[in-house]
Amino acid sequence: MLPAISAFLGRLRSLFRGRRMESEMSEEIAFHRERLREKYLQEGMSEKAAERAARVRLGNAQRWQERLRELWSFRILEELTRDIRFSLRLLWKSPGFTAVGLATLALGVSANTAVFSLINSLLLRPLAVPQAQQMVVLSTQEGAPQPGYSFCTPFFRGLEGKGDVFQNVFAFVNDTLQVRGESGNVNVHGVMVSGQYFPAMQVKPVMGRYLTPADDQEGGGSSGFAVVISEDFWKTWFNGVPDVVGRSLMIANASFTVVGVIPKSFTGADPTHHPQIYAPLSADPIIDAPRDHLHGGTHAWWLTVMARLQPGVDLQKANAALQAVSTGVLHTSTGEADWIKDEEQHHFHFAAEPGSNGFAYVRSVFRKPLLMMFGMCGGLLLLACLNLASLLLARGAVRERELATRRALGATRLRLIRQLMIESLFLATLGTGLGMALTPIVGHALAAMLSGGSGPDSMSLDISPDWRLYGFAAAVAFIAAVLIGLMPAWRATEGDLNEQIKNGQHAQQQRRQTRLIPRLLMISQVALALILVSGAALLATSLVRLYRSGLGFDPHGVVNISFSMDKQQLDGEPLMEVYRQIWDGLKTAPGVKDVSFQFVVPLSHRGWNGHYAAPGGERHLLWLNSVGPDYFNTMRIPLDQGRGFTWSDTKSSGLKIILNRSAAKLFFPQGGAIGRQIVDRDKVAYEVVAVVGDAKYRDVRGPAAPAGYVPMQQDSQKKPSLSAVVRVDGPWQPLVQFSRELTARLVPSIPAPVIRPMDEVVDTSINTERMMALLGVFFAGCSLLVTAIGLYGTLSYATARRTNEIGIRIALGAQRRRVMAMIFRENAVVATIGCGAGLAVAVSLSTVLTSFLYETSTRDPWIFAGATFTLVCVASAASLLPAVRASWIDPMQAIRSE
Amino acid sequence: MIREENTDSGSLLQGTLEMLVLKALARGPQHGYAVAEWIHHVSHQLLKVEEGALYPALHRLEMRGFLNAEWGASENNRRAKFYRLTAEGTKRLDAESQRWARLSAAVAFVMQSS
Chain Z
1 MLPAISAFLG RLRSLFRGRR MESEMSEEIA FHRERLREKY LQEGMSEKAA ERAARVRLGN
61 AQRWQERLRE LWSFRILEEL TRDIRFSLRL LWKSPGFTAV GLATLALGVS ANTAVFSLIN
121 SLLLRPLAVP QAQQMVVLST QEGAPQPGYS FCTPFFRGLE GKGDVFQNVF AFVNDTLQVR
181 GESGNVNVHG VMVSGQYFPA MQVKPVMGRY LTPADDQEGG GSSGFAVVIS EDFWKTWFNG
241 VPDVVGRSLM IANASFTVVG VIPKSFTGAD PTHHPQIYAP LSADPIIDAP RDHLHGGTHA
301 WWLTVMARLQ PGVDLQKANA ALQAVSTGVL HTSTGEADWI KDEEQHHFHF AAEPGSNGFA
361 YVRSVFRKPL LMMFGMCGGL LLLACLNLAS LLLARGAVRE RELATRRALG ATRLRLIRQL
421 MIESLFLATL GTGLGMALTP IVGHALAAML SGGSGPDSMS LDISPDWRLY GFAAAVAFIA
481 AVLIGLMPAW RATEGDLNEQ IKNGQHAQQQ RRQTRLIPRL LMISQVALAL ILVSGAALLA
541 TSLVRLYRSG LGFDPHGVVN ISFSMDKQQL DGEPLMEVYR QIWDGLKTAP GVKDVSFQFV
601 VPLSHRGWNG HYAAPGGERH LLWLNSVGPD YFNTMRIPLD QGRGFTWSDT KSSGLKIILN
661 RSAAKLFFPQ GGAIGRQIVD RDKVAYEVVA VVGDAKYRDV RGPAAPAGYV PMQQDSQKKP
721 SLSAVVRVDG PWQPLVQFSR ELTARLVPSI PAPVIRPMDE VVDTSINTER MMALLGVFFA
781 GCSLLVTAIG LYGTLSYATA RRTNEIGIRI ALGAQRRRVM AMIFRENAVV ATIGCGAGLA
841 VAVSLSTVLT SFLYETSTRD PWIFAGATFT LVCVASAASL LPAVRASWID PMQAIRSE
Chain E
899 MIREENTDSG SLLQGTLEML VLKALARGPQ HGYAVAEWIH HVSHQLLKVE EGALYPALHR
959 LEMRGFLNAE WGASENNRRA KFYRLTAEGT KRLDAESQRW ARLSAAVAFV MQSS
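Residue numbers (the working numbering), protein chains in the order written: chain Z, 1 to 898; chain E, 899 to 1012.
Hints in this document: simulated from the structure, not taken from any laboratory. Each hint should be verified, as a subset may be incorrect.
[Claimed, not checked] Calculated lysine-lysine pairs in the DSS-like style (CA-CA distance at most 30 Å, straight line):
| no. | chain 1 | residue 1 | chain 2 | residue 2 |
| --- | --- | --- | --- | --- |
| 1 | Z | K39 | E | K946 |
| 2 | E | K989 | Z | K39 |
| 3 | E | K989 | E | K921 |
| 4 | Z | K587 | Z | K651 |
Same shape as in the complex, but just chain Z (with noise of 0.2 Å):
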């Protein structure tokens, strides 16, 4: 063995018995003393001398124990235990920084992590599959800035067999199915995908098999159509029991046989769905009955295509590959004529993209919110550094005897540095700790918030910790370490260490020079606090404004309830009876005013539209619903002129229409609408038979759109499923059970109806812009919150070292009003100087918000003047404590003191 390791793996073994080596090592130098002592009685000399001769040629037994440890011992781990030691100490005799410390820092660190961990699993993480990024994922390009993302059937299948650049082309589509459980139908979340999925994500089933090509074909495979189920469908649908391939389940009345169960690792193609089963695409027709966007040629884009390149191809092989195959797919498409030249004119082809992490819709839309939000938790992150170093900082000058004696003595700067630091990893790794024990928390809360509650658009994302996110908890304790230590520890030990013993308390020389740079840090974080205020109070405004903007019905006390018909037998007028028979079950429910039916929710993103014209007018684009008896009082939209609908408006009594104001000024900028007609494409007329209120269609953000609203009873829709709006007095809780059971009475085939109260519609339908709102506000309050301590903190020390020359000048006749005022000008400064360059900065910041607002100017002169009002009061509020205390300095104390 080399002498080196030999001895550093001695070394290492002495670390773990410290003591026993010092027993033996002060053993060995006692045989040594007694042999002496021996050696010295024979020599003759009288017990006493020789005790003593022996004593003092050893020396100390201590010193001897020293020099062989020394030896045997990491010097460097030595004395880092030692300062970690004496950090704690020093830690734990300041209760007040420390806590105030970790508190900040864990906030700042529980946001970032958060945030980090939304980020992560729906912008990062790869798929759980082999060779992840191969993957891409493939759009439509017509010359449009953005690509389309869905494909029709006839261009799918035209791409599919394209096997000379990709291993493998795959569609899917997220989709809901109702399941027959024992009670009724049940919706189960699912996806429809195609032969190629399975072979291309390459998981290996946990038992049977998975979905193949010969199983995505009209009428499934040779045994009927087949089902792939998740490991948790299993689990708790079929109760994990072991002969799950070849059961049946019932999907929309369909028996399909259940071939294979998927690992839990596998989440599909889509990092925010977690489907429960996975259906072969062949199936819409069954599953989405009575619509078949299967057979729906260029007119159903329901597809969202993907794929896995061959080994050794490149992206920008694949696209070339794309682009050649592009117009041939194009025109067997069998689409019209006109359309397929339209296309062409458009430049059209197919592209592809990378697709590591998958294809989820909900990326575009919350991309930059995310990103909008880590930059918030950033800011504020960073504000809590600057807070606990300047916080250091201070109080690293109240230290400058002891550093500078310490250094007197013989420590090497960079050893009180390191101690220092020390003391701030400490801080750093304490409080990233406590973040990181909040992050599922806060992490949980911010997932639900973006996911948009209950609804049916919501999505589940996995924000289970995972390296990256841990590596970016280190790395922001890390630079948390470096941020708050290295300044106040580098100021701290610098200087002449005369000059510093000799002042001591009372250091009053270059005091310019040395606040130059605390200073510094209390002007960045007054200023990084403005910027977060005004770009909370920013988002706080539009929100308001939004809420404010007008919706043009009352959705406070509405509830939908969703009723699923589609799979039930009834249609055409029974099914209409059958919904009156709901109607007349839910005015006899407990609290319930009124009740009416509607097909588009409002305001939940789906829509429904068609062109019509006044007869020898214009065609105009018309926002269409249709709605039941009493909508427009239950939905409280004014009725201008004209009659609501009632049941006897049937297919029979004529075709009607109710137009919303704009759409009346649109078609009859005459007025006079009542009893006129619109015809649609198809030249089928309309009567208009009132006029009402504008209300908001699809989004919040901008004014009504114009609509049209036609009876129910005549909507020639097949099955339709329609919602009832319900507006009741009082808690609509008891309404859940209610409709359950009226619908097992009425209608028992069909899933329990879906309740989502109005309120939460409207919620979700601005979630983006509640969100960043209320992190925005809530992250400014700590901005606030933080810069207020900070400035408190840093202006007491300071106040604190002073205490002698106020002492005297209050002695030799200083007003006390004088000595506040000198007092709270240090801090008024540095809020004015930090107001003017956060001011600066946040006005030209503030055009990244511009997306995010609505009807609210990102250059609002009274919303920056708000923020900086509050951010001044704030901190005149936190200077002017030890300001009064200050003043309030008795002279006599004071002086004797030092």
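Please arrange chain E on chain Z, whose structure you already have, making use of the hints.
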């Protein structure tokens, strides 16, 4: 490191003590006191090894794997730490004594030249 009783013999080169210790232990396992006594005796009382140098040297050699240490009974039946040369230690002693022989011969040549 080593204090000579005759101060006019000049200071010995560094590493010499370690070589002497290894040499002392070549005769068999010994405790620290015996090593010091042996060197003192064999050098005709010219070399006196200070404890302050001896024990760090012993520990350093042990740590680097040239010596093994174990506790045993001394001649007067007391517990003492005995050091024993390892195979590495023997090799080291050979190399050191060769180096020393060359060095002292060279020094002798220089000093005896006229």
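Hints breached by this structure: 2
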